[in-house]
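*Asks:* Here is how the chains run, residue by residue.
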Amino acid sequence: MTDQISLTIDGHKRQVDADPRTPLLYVLHDELGLNSPHFGCGLGQCGACTVQIDGKPTRSCITPASNAVGKQVTTLAGLGTPEKPHPIQAAYIEEQTPQCGYCISGWMMTAAALLKEKPHPTDAEIRSALKGLKCRCGTHVAIIRAVKRAAAMNA
Amino acid sequence: MNALIPAASRRQLLQGAGALVVMAFAPLEGANAAESLADKSMHPAELDTWLAIGRDGQITAYLGKPDVAQGLEVAIAQIVAEELDVPVERVSIIISDTAQTVDQGGVSGSTGVQRGGVTMRNAAAEARRLLVEQAAVKLGADPDRLKVDNGVISVIGAPSRKTTYAALIKGGRFDAKLDWNGQYGNGLTATGKAKPKSPDQYRVVGTSPKRRDIPPKVFGKYAYAADYRPPGMLHGRVIRPPVAGAKPMAVDEASIARFPGAKVLRKANFLGVVAPREWDAVQAARVLKVTWSETPGAFVTSETLFDHIRETPALKREVVKTQGQVDEALKGAAKLVEAEYEWPYQSHASLGPGCAVADVRADGVTLWNPSQKTFATALGISKLLGRPVETIRSIYCQGPGSYGRNDAGDACADAAVLSSLCGKPVRVQGMRADGHGWDPKGAASIHRARAAIGADGKIVAYDYLSKGFTRMEVNTFENDPFDFLAGMELGFTHEPAATFGAPEDVYVIPHRRMAWETIPRMLAGPSPLRTSHLRDPLGPQIHFASESFIDECALAAGADPVAFRLAHIEDKRHRAVIEAAAKAAAWKPGPPGARRGGSGATLTGTGFAYANRGETIVAIVSEVEIDRASGRIWPRRFWVSHECGLVINPGTLKQVIEGNIVHGASRALFEEVSFDKDNVTSLDWNSYPILEIEDAPESIEVVLVNRKDLPPSGAGEPSTRPVAAAIANAVFDASGVRLRRIPFRRDRFKAALAKSA
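Protein chains in written order, with the working numbering: chain A, 10 to 164; chain B, 16 to 772.
Just so you know, these hints were derived from the structure itself, not from any lab. Keep in mind that a hint or two might mislead.
[Unchecked claim] Distance condition first, Cα-Cα at most 20 Å in a straight line; then the derived EDC-like pairs of lysine to aspartate or glutamate: (1) A:140 <-> B:709; (2) A:140 <-> B:713; (3) A:80 <-> A:40; (4) A:157 <-> B:709; (5) A:140 <-> B:710; (6) A:125 <-> A:63; (7) B:236 <-> A:40; (8) A:157 <-> B:710; (9) A:93 <-> B:157; (10) B:236 <-> A:92; (11) B:278 <-> A:39; (12) A:127 <-> B:709; (13) B:153 <-> B:190; (14) A:157 <-> B:713; (15) A:157 <-> B:716; (16) B:236 <-> A:19; (17) A:140 <-> B:699; (18) B:236 <-> A:126; (19) B:208 <-> B:268.
[What the hints assert, rightly or not] Derived CB-CB ranges, DEER-like: (20) A:132 <-> B:644: 16 to 26 Å; (21) A:133 <-> B:770: 29 to 39 Å; (22) A:132 <-> B:604: 25 to 35 Å; (23) B:586 <-> A:132: 53 to 63 Å; (24) A:141 <-> B:438: 40 to 50 Å; (25) A:62 <-> B:276: 27 to 37 Å; (26) B:604 <-> A:161: 30 to 40 Å; (27) B:194 <-> A:20: 29 to 39 Å; (28) A:29 <-> B:772: 54 to 64 Å; (29) B:276 <-> A:141: 33 to 43 Å; (30) B:514 <-> A:163: 51 to 61 Å; (31) B:187 <-> A:78: 50 to 60 Å; (32) A:29 <-> B:322: 51 to 61 Å; (33) B:258 <-> A:29: 35 to 45 Å.
Ideal placement from N, C-alpha and C gives every residue a C-beta, glycine not left out.
Make the full structure from the sequences, and use the hints.
*Replies:* So this is what it looks like as structure tokens:
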């Protein structure tokens, strides 16, 4: 059964008709037409679908849309813009980090949350925070470089 | 490869029957001389096919090869900008689209720059020559007295006498011919009268402008194939049998009645569902009640796979290389070294399961297609649907990273069949289990090597054999319906070509035999273990064996592995690359075991391996850290020297090499498809683990050996080739344990460590 669901996505109020149990990912991608995040596994194992809900990295493929009602949902598009990029976005461009980039919502949304909590993380803290995320193109070393570069921008 | 779509008939398509196909899209992209797609030159012998200059001076080049996000787009833009003497920002590239570009062979064998760049360079050089010639007339000066800078042509010494590309061409056509070699695909070459620049004149090639696809990706705007949403689109899911080879006998359509608009679509053994909402399609596919035929399991199990390969009589044997008297030389050997290596099936396991969108209409078909073979997919799907290929527009759109023939083409065929059955555009994306379970697999194999070490400490005789499943049970070019799962389910069959390989190397060894054997596939038809190309198709398997074995020979000879290799190599290019890696790593000479470090809980060691893939040569030094308690092998540092002729963009090249090293390490350390007699059982990231951030290297130092005097060769695959052997050799150096089976799983290695202690 569909219901009207009110969501706040990247600071904008949006209304959709959907079954409230629908995973948030499908609402974002199909009902609201966002190109990011992406479906990777539907199991919460890879992170390609990651958004922040009230600042917390969350796997949208296993999160019912109803869980996001009344909360702030942030996607990559809401993290920053070309004019005003988030440090992790600026660092990803500077370091030329992604290959295919299909997985980057997981890494970038998680790294952004880490940098907010720990503006200058150590290598071990970066690896620990990003644990469990998957990247098939093997850009892990470049990801660590980008997080460090973003941290340096936190000055 | 033959012409897939004759230019003339494609023109007819665009003007006539396929008008709807064209109208489904925005007007011609980029700064194009053609007013619309229907006017676009498509003949390889016409310069306008390859290049257009807009009224604003923006340059559009048309590349008939996809960019699988390895920086090909910007590299081609650099090549074009270089020849035209414009900044790279002025050049846009239209990528692989059967309606706009010519078939240059798809992504294939790391040939993006190596082959794809050749005609782009020639076309740009010819365009510059023609424009300078026109400028000479206009400015009343000899062409030799003109220079070009940023698209402005001026008289040397009289800068006020000038014109521009844009002013000369006025947004029109070149109407000039190129000399085309008559081939399509990788072999296509078209040449103008102009001589391209010599590398010492380069200003743009050899620099590192940034990739243009990265900003839209990091700001969440980039459209992958998964993000195309034609009006009226339905979401589809295909249901594949729990026991491979089983057929759907009965389907209870009422079992999905509760999902609004959900429909079962079935044809022969192909079974799918569509629904207006994706979540409904997902759930409907999950709960649909299907009665499958009783089918005995077709497979041995992953536990007995290597015995199966050993014991199964060969279907085909081929001796790739034979010289001298191998058997006699081995018999008389003072010292004989023998070893056997094993490599399991591996999954492409792209980060997202295959996803594509197809719109099959009465008057034309459009495919938003992430397959690496834009043109071949169109041909295969034309045969699958029984439609003329001229009515099919196949547009490459990036998908989750592909490193060969993954499940993208299968998703495209699934979408096309579903769309043809329901008459609406259909987007198909598999679930994770479809990706891991049903994507094509890298071939499983064993490799036997025997060598005789002579009194001089060098290899006198070398006998090498690969034995495994053919590398291409489905073709990497999807020219035929039997190359798609959907095609097989619709009844298309074929007998795959039996082909494997032996090491590519330049070792000078007097007596040698290099051979391969293939065994029959376990299941014909739609098999979850059907093989196809996975990054550097058989390179990692074959060179894991051969480069581990050279290390074993060095040990037997009591020699340093680097010096031992050099003692067998005369080729100066190869020697230079090997020496560059050893130098970068500050290689400490000594036989395997000599670099052992650590104590107690942790062991460290360093290994070396090298290989060439065609013209590209790669040498790797790997340093590992071993945790005795857990059996964890951490590939902590790599030093990589890489020679692929002329370097176009060192920045993106280094990134691509890093990715290859980590992907190679993941395959060596973690990856193995599990299966029982019925089906694949490693269906997610827990049962098919890959390398994650905690095991990522601390550093990968890349040394680019830039040979400006040599044409560029491939880089998308070669550096993955020696990774497994470099790690295995480092593990031996650290622990004295020789790893001969991929992957180097912790439990197995821990047991081996305990046994050796």
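*Asks:* Among the hints numbered above, which are violated by the structure, and what are their numbers in rising order?
*Replies:* 9, 18, 19, 23 and 27
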